[in-house]
Structures are given as structure tokens and as C-alpha cells.
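Trainee: Going down the list, the sequences are from chains A and S. Converting from the first sequence to my numbering requires adding 68 to each position, the first position being numbered 1. Converting from the second sequence to my numbering requires adding 27 to each position, the first position being numbered 1.
Take these hints with a grain of salt, some might be off.
[Claimed, not checked] Here are some of the chain A residues that sit facing chain S, going by a computed Cβ distance under 8 angstroms: (1) G78; (2) M175; (3) F178; (4) W181.
[To be verified] Here are the computed lysine-lysine pairs in the DSS-like style, where the Cα-Cα straight-line distance is at most 27 angstroms: (5) K126/A to K111/A; (6) K111/A to K105/S; (7) K126/A to K144/A; (8) K139/S to K111/A; (9) K133/A to K111/A; (10) K139/S to K105/S.
[Claimed, not checked] Listing some non-contacts, in silico: residues in chain S with all C-beta distances to chain A over 12 angstroms: (11) S48; (12) L67; (13) Q69; (14) K139.
Keep in mind that the hints were calculated from the coordinates and are not lab data. Yeah, the Cβ is synthetic: ideal placement off N, Cα and C, and Gly gets one too.
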Amino acid sequence: EVQLVESGGGFIQPGGSLRLSCTASGFTLRNYWMHWVRQAPGKGLEWVSRMNSDGSYKIYADSVKGRFTISGDSAKNFLYLHMTSLRAEDTATYYCVRGRAEYSSPMGAFDIWGRGTMVTVSS
Amino acid sequence: VVMTQSPLSLPVTLGQPASISCRSSQSLVHSDGNTYLNWLHQRPGQSPRRLIYAVSIRDSGVPDRFSGSGSGTHFTLKISRVEAEDVGIYYCMQGSHWPPITFGQGTRLEIK
Numbered sequence: 069e070v071q072l073v074e075s076g077g078g079f080i081q082p083g084g085s086l087r088l089s090c091t092a093s094g095f096t097l098r099n100y101w102m103h104w105v106r107q108a109p110g111k112g113l114e115w116v117s118r119m120n121s122d123g124s125y126k127i128y129a130d131s132v133k134g135r136f137t138i139s140g141d142s143a144k145n146f147l148y149l150h151m152t153s154l155r156a157e158d159t160a161t162y163y164c165v166r167g168r169a170e171y172s173s174p175m176g177a178f179d180i181w182g183r184g185t186m187v188t189v190s191s
Numbered sequence: 028v029v030m031t032q033s034p035l036s037l038p039v040t041l042g043q044p045a046s047i048s049c050r051s052s053q054s055l056v057h058s059d060g061n062t063y064l065n066w067l068h069q070r071p072g073q074s075p076r077r078l079i080y081a082v083s084i085r086d087s088g089v090p091d092r093f094s095g096s097g098s099g100t101h102f103t104l105k106i107s108r109v110e111a112e113d114v115g116i117y118y119c120m121q122g123s124h125w126p127p128i129t130f131g132q133g134t135r136l137e138i139k
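Just chain S, with the same shape it has in the complex (with noise of 0.2 angstroms):
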């Protein structure tokens, strides 16, 4: 499974909302009826940080400010006011058909 980020680059003023695009080359539900897209963050000079997983659940400690959507084929994270630390990479990756895992390109964020 192909999975297709957009934009890969992203310039966003502090306080202003961001949305990242993701998708995939076929549908990622599984045959449990599941949907198993994860969004990752990766900070400058640290490893990736799980941030939501099946499509929108956010993992303990996310701020409520980031939010995921989707299904089947495209999913979407978005931040709704965007602080100095949520720079970095975020890439989306799915675990409903494998092997291999596979993860989108990354989208990098930058405060402009």
C-alpha cells in the first residue's frame, strides 16, 4: 500500500490552523472492519511520537488542538491553532495490510 502525503512542506503563522493529507493506493479497512492509520510527529533530533491512531483516537498527552478524520482512501490530520512546538515531521502510516508497514513521506511543518 502506497501512501501519499500532501503537501510535503507546509509554512504555517503561529496560532493559524494546519491540515495535512493522506492517502492511500486502496482502501485501508480491514477485514475486522478496523481502519488502522496512524499519524506519527517527529521533532527535530528525536524519534517519531505516535499521535493518533485508528483514523482519530488522539494518545494520552495530545493536545486536543490536533484531530484526525477520514476513511477508506483519504484521511486527514489537522491542528487547529499551531504552537512553536508542533514543528517537525508528521507522517501518516497504516497497518491494515501488510506485510510491509508502509508510512507516507512526511510533511514537514515550519512556522513562518
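Bound-form chain A, shown alone (with noise of 0.2 angstroms):
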């Protein structure tokens, strides 16, 4: 079955780190860009980042460019996203999404959601 599972939430004080990690199964997550979105509690949906099948390109909402960091790690099939200076507006469940296959249609992105880490940002 394809499926992801993040990990990696919890609750932290503001200005701290957290690093959440997806894993991907039943598909390797090298043949594909992916991406991470968020939603605040009982808000709406929000991108944050997005990273190619190789890793060579990354890209990131302004809300969280220079804090936050997107990575991979191909041969464990792992995703991960590094959070620093962690703010209360962080707070949120974040979400690991399937982007588009390489060199197939981009018709093919967010077709595969994970069920969430929460990550609460309060003192």
C-alpha cells in the first residue's frame, strides 16, 4: 500500500527546534518532488515547502524561509523538515504530500497524504 507516515511532533517552547520525518511506503520517495503543508488548529491549508526527486531544489513559503529546512534521505526513504526558531504561529499538524513523479505530469501531485504530526509552539 502507498501510504507516508510523519513523526517527529510535539510540544515546544518559542524560539526552539523540532525536526519532523516522513516516511514513505509502498513507493521510493527519490523518484518524486515532495512536499510539506500545514494546517493550524481549525484553520485552512498551507504550503510550506517543496523539494525535488534529488534534493538539488528547494523551495519554501515565506513564512518559514530561513527558519525552516527541507531534506532527504533516499536510501533510509525518509523526508524530513527541520524547524528553528520555532514561533506560536508554527503551531500547527503537518502534513507530508506526494508531489509529482520526475519527469512525469505535474498532473500527478497531491495525489498521497500522511495523517499528520502536531507541532505546538507555546511558553
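Each of the two chains sits in its own frame; use the hints to bring them together as a complex.
Mentor: In C-alpha cells form, the structure reads like this:
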């Protein structure tokens, strides 16, 4: 079965750091672009970051630029989101989402979502 | 690109049709000629699930009572006959012009 499972969320004080992980099963991460999307409690969806299949191109939402870093470990089939200088407004459920397959149409993007991991930033 | 959905709340009687509108602040036609407009459904307590991609193509397993249409800046998701399992929040999202990828505010469908 094709699925994504996130982990690493928790309670963290403002200014702290946290690393989220996402493991894939049923497919190989290095063949796909991957995204992180977040959802604040009771709010809508906000795109956070994207990495291409070989990790050579990474982009971020303005709200997290300079504080968050997306990365991957192709050998372990893991995707990460390293978050630093955390703020209260970063409190959200973070979803790992499959993007397009490399060399394929962008139509395939956003077809697989993980269950999410909750991050709470509070003093 | 700003995505604007309406209505934000949609009470519907079981078996009746439902329609959600999504408008973008600029045309979603990509330079490759395709339009990357998706519809997502999020049931209470669950993660979002993609229902429709490229405006009108249903994902595998999505009932044919769901249909997507539109072009340019105006798109519509229609449910021909609402069932109880259709409750939740529906989001449109665009992948034609990014960064950033953007989502609509969401439309909450509930059963009357």
C-alpha cells in the first residue's frame, strides 16, 4: 500500500527547534518531488516547502524561509523538515505530501497525504 | 495566486445536489497548456484526500457523483446527490503558478 507516515511532532517552546520525519512505503521517495503542508488548529491548509526528487532544488513559503529546512534520506526513504526559531504561529498539524513523479506530469502531484504530526509552540 | 471559495458553509439535504465555487486571482492555465486545479476533501479528524485533479479528472475510487469543471479563473465542484460520507471540508488548490502553491479557504459541507 502506498502511504506516508509522519512523526516527530510535539510540544516546544518559542525559539526552539524540532525535526519532523516522514517515511514512505509502497514507493521510493527519490523518484518524487515531496511537499510539506501545514494546518493550524481549525484553519485551512498552508503550503510550507517542496523538494525535488534528488534534493537539488528546495523552495519555501515566505512564512518559514530561513527558519525551516527540507531534506531527504533516499537510502532510508525518509523526508525531513527541520524547524528552528519556532513561533506560536507555527503551531499546526504538518502533513507530508507526495508531489509529481520526476519526469512525469505535474498532474500527479498531491495524490498521497500522510496522517500528519502535530506541532505545538507555546511557553 | 489567491484562491477564493464560496460558499464557506454548505448545508445540504441527503440526496440533494451540492455545488462549490472556486475562483483564482489569475488564470490557472500553465505555460504548458494544462490547468493544475485540484479539489481535496477532508473528513473530520482525517487528513485531506485528493478527489479531482486537472480540473475534472476524478481520482481512483472517487464516486462518479463528484464532478469538476471550469476554466481560466472559475472552477466548480459538484456533487450530484449528497451522501452522509460526503461531510467535511472541501478545498480547491492550484499548482499552476508557484511558489507558493495556494489553497482556497475551504467549504464546510454538512447535512441538514
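Trainee: Confirm or reject each hint.
Mentor: Verification of the hints:
Interface restraint check for G78/A: the shortest CB-CB distance to chain S comes to about 18 angstroms, outside 8 angstroms, so the restraint is violated. The beta carbon of M175/A is positioned within 8 angstroms of a beta carbon in chain S (closest approach about 5 angstroms), and the interface hint is therefore held. Interface restraint check: F178/A against chain S, minimum CB-CB distance 5 angstroms, threshold 8 angstroms, status holds. Taking 8 angstroms as the C-beta contact cut-off toward chain S, the hint placing W181/A at the interface holds, the least distance being around 5 angstroms.
Taking the CA atoms of K126/A and K111/A, the gap is near 25 angstroms; set against the 27 angstroms cutoff, the hint holds. Proximity of K111/A to K105/S is assessed by CA-CA distance (about 23 angstroms); at most 27 angstroms being required, the pair is judged to hold. Distance hint between K126/A and K144/A is fulfilled; the C-alpha atoms sit about 19 angstroms from each other, no more than 27 angstroms. Distance check on the hinted pair: K139/S and K111/A sit about 23 angstroms apart at the alpha-carbon level, within 27 angstroms; holds.
Under the criterion of a C-alpha separation no larger than 27 angstroms, the hint pairing K133/A with K111/A is consistent with the structure, at around 21 angstroms. Restraint check for K139/S and K105/S: the C-alpha separation of about 18 angstroms stays at or below 27 angstroms, so the hint holds. At roughly 16 angstroms from the closest C-beta of chain A, the C-beta of S48/S stays outside 12 angstroms, upholding its exclusion from the interface. Residue placement check: L67/S does not keep its beta carbon more than 12 angstroms from all beta carbons of chain A (closest about 7 angstroms).
Not every CB of chain A lies more than 12 angstroms from the CB of Q69/S, the least distance being 8 angstroms, so the non-interface label is violated. Here K139/S stays apart from chain A, with its beta-carbon at least about 22 angstroms from theirs, past the 12 angstroms limit.
Of the numbered hints given earlier, the model fails hints 1, 12, 13; all others are met.
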